[in-house]
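K.L.:
Here is how the chains run, residue by residue.
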Amino acid sequence: MDEMKLWYELYRLQERYVSVIDADRLEEWPDLFTEDGVYEIVPKENADLGLPVGIMHCFGRPMLRDRITSLRKANLFEAHTYRHMTSGLEFTQVDAGTIDMQSNYVVVQTLTDGESRVYQAGRYFDRVVRTADGWRYQRKRAVYDTSRVQTLLVTPV
Amino acid sequence: MRHRSEDAMNELPKLTTNGSKARKTVYFPRADGSRIPYEVYSSPEIYELEQERIFRGPTWSFVALEAELPNPNDFKSTFVGATPMVVARDDDNSLAGWVNRCAHRGAMVCRTARGNARSHICAYHQWSYDTRGNLMGVPFRRGVKGSPGMPADFDLKEHGLQQLRVQSYRGLVFASFSDRAPALYDYIGPRMRPGIDRIFHKPIVYLGCTRQYAKANWKLYNENVRDPYHASLLHAFFSTFNLYRAGMRFEIVTSEDGLHDYLRAFHTEDASGGAAYKDDKVSSFKEGLRLEHTSILTNVKEFDEVVNTHIQPIFPQLVVTQIQNSLAVRQILPKGPGSFELIFNFFGYADDTPEMRMHRISQANLVGPAGLVSMEDALATELVQRATANGNDAVSIADMGRDAPDEEQIESGVSECHIRSFWRGYQELMGF
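Protein chains in written order, with my numbering: chain A, 167 to 323; chain U, 1053 to 1484.
Worth flagging that the hints you see were computed from the coordinates, not collected in a lab.
For clarity, every value in this text was computed on a predicted model and none was experimentally measured.
Cβ coordinates follow ideal geometry from the N, Cα and C atoms, glycine included.
Some hints here could point you the wrong way.
[To be verified] Covered stretches of chain U, as calculated for chain A (at least 3 residues, CB under 8 Å): (1) 1113 to 1122; (2) 1143 to 1150; (3) 1330 to 1344; (4) 1427 to 1434.
[Said to hold, decoys possible] Label-pair distances were calculated between CB atoms; the ranges are: (5) U:Val1358 with A:Lys171: 51 to 61 Å; (6) A:Asp168 with U:His1253: 37 to 47 Å; (7) U:Val1078 with A:Asp266: 53 to 63 Å; (8) A:Val274 with U:Gly1388: 37 to 47 Å; (9) A:Asp279 with U:Phe1206: 50 to 60 Å; (10) A:Lys171 with U:Lys1387: 47 to 57 Å.
[Stated by the list, open to error] Capping the alpha-carbon separation at 20 Å, the derived lysine-lysine pairs in PhoX-like fashion look like this: (11) U:Lys1353 with U:Lys1254; (12) U:Lys1333 with A:Lys239; (13) A:Lys239 with U:Lys1338; (14) U:Lys1330 with A:Lys239; (15) U:Lys1076 with U:Lys1267.
Could you build all of it, start to finish, from the sequences and the hints given here?
P.N.:
Shown next, in the form of structure tokens:
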């Protein structure tokens, strides 16, 4: 019963994460992380070889917010939407307040030409912790299979 | 002879069925490189001709960092232009390169991106090759149970993989199909070597790669990295945070053949707070934009002079870059006339402290497909591609600074003289 409740809570966190991005409520995105939360998007080819470099590395909420500030005010890109599909949620309990969780994701991107394309497929490797506000990401690592990033990536996955 | 020599290939009228018909050519209306026919960005015939005259011609294409291949028998699959090739280390640590195409039926031999192997075996009929591409064995060569095998005159030595010249300079590995290309040292040349020496002055450590794919011609990216004019206009992040502003102190040197370029933008305090952008009402200049985590902008001093941006394209498929403390070499790979792949290979120095290594990873945010300062480049090339693909006989223009001699524009942050010299060098190579 406890495990079902836990699964439900983690699933809700993931659904909220996906909704915040896909509904373009990106200003809420940093709030789903702890203050020192780490967010990274790393190609699988590097992750498999233990190489550290990815396309996005945010260490703490200020850097998460800076990404959104830059997206809103500085960067130039084509209008687009994301639709996330997730599957295969697995988790292991590290301690009472800490969970390691993994799941697959697919992001379908639609540009103004009206076509929807699989933009990125990958797997989330997350560590979530229980806080006064509920479960939050202490670390979220999106390891992507789609090594060729089409044109650019500005919106987090 | 199985491998036609370079000169023989040049003589073959490959693009025409009628021998009397002239080969594909294209008209550049001005000799100074300032008018570029749209056709060069989308013509399949020109793309084919570029494979022959540029990528299989007298040039050196960047294929790997030696740091990607640290051990004997390490290999990496990559491309010279559109041709798949493998760069590998031998048992004795020397470098070799071969076309990744079995001498038997033309199948791709090596099917993994990287690895370590003493032999490479074609999946189709199990022909096996050593790290230099020499044919080592053919199954059932002597026949099997009375069925005849290879003819008596079949010589393994004559059926190796097509080998490329491979040379390295300061840990950058290049390959060439052509005996007419000068030694790599001279190809890079005296004007470009100081830039390579500057970045590769001590051992490096490979930190991984990221890949960006653009639906645009590969030369549009070559123009982009020779174009200081766009940098502070397209990229708001650059100008807003004074990483790169048009009024900075610049030094931009072009190679004698016009094809390579070495740009440095020196850190320059701008007491006016970007007045030139405000006065010209440049919309990409974002007054009042602030970051919370400012160390992403910090340039920790590690060279004699504080250079914010070092961009150095070595034609045709390399760009050496340093942006603040982020170090990378970009490999430009053409994928048909209308697409290219851009691979950012990141590195640090072997003697980096753990803090410096983390700082470099943090500044990897500045470049690459999601690079805060440079993500827009691929999009800009796509915008040109989309609008010029059916551009008929029209041309694009590169006139900034055209009235002044090139040598006087070494310190200009807005000149297009480097684009013009690129096109003059291109025409020379292509015979246009």
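K.L.:
Each hint needs a verdict: does it hold in this structure or not?
P.N.:
Verification of the hints:
1. 1113 to 1122: violated (count 0)
2. 1143 to 1150: As far as the segment 1143 to 1150 of chain U goes, the hint is violated, because 0 residues have Cβ atoms under 8 Å from chain A.
3. 1330 to 1344: Contact hint for the segment 1330 to 1344 of chain U vs chain A: holds, 6 residues under 8 Å.
4. 1427 to 1434: holds (count 5)
5. U:Val1358 with A:Lys171: 51 to 61 Å: Since Val1358 of chain U and Lys171 of chain A have Cβ atoms about 56 Å apart, the given range 51 to 61 Å holds.
6. A:Asp168 with U:His1253: 37 to 47 Å: violated (59 Å)
7. U:Val1078 with A:Asp266: 53 to 63 Å: holds (58 Å)
8. A:Val274 with U:Gly1388: 37 to 47 Å: violated (25 Å)
9. A:Asp279 with U:Phe1206: 50 to 60 Å: Given range 50 to 60 Å: holds, Cβ gap about 54 Å.
10. A:Lys171 with U:Lys1387: 47 to 57 Å: With Cβ atoms ~50 Å apart, the hint holds.
11. U:Lys1353 with U:Lys1254: Roughly 16 Å between the alpha carbons, so the hint for Lys1353 of chain U and Lys1254 of chain U holds.
12. U:Lys1333 with A:Lys239: holds (16 Å)
13. A:Lys239 with U:Lys1338: holds (7 Å)
14. U:Lys1330 with A:Lys239: holds (16 Å)
15. U:Lys1076 with U:Lys1267: It is violated: about 24 Å lies between the C-alpha atoms, which goes past 20 Å.
In this structure, the earlier hints numbered 1, 2, 6, 8 and 15 are contradicted, and the remaining ones agree with it.
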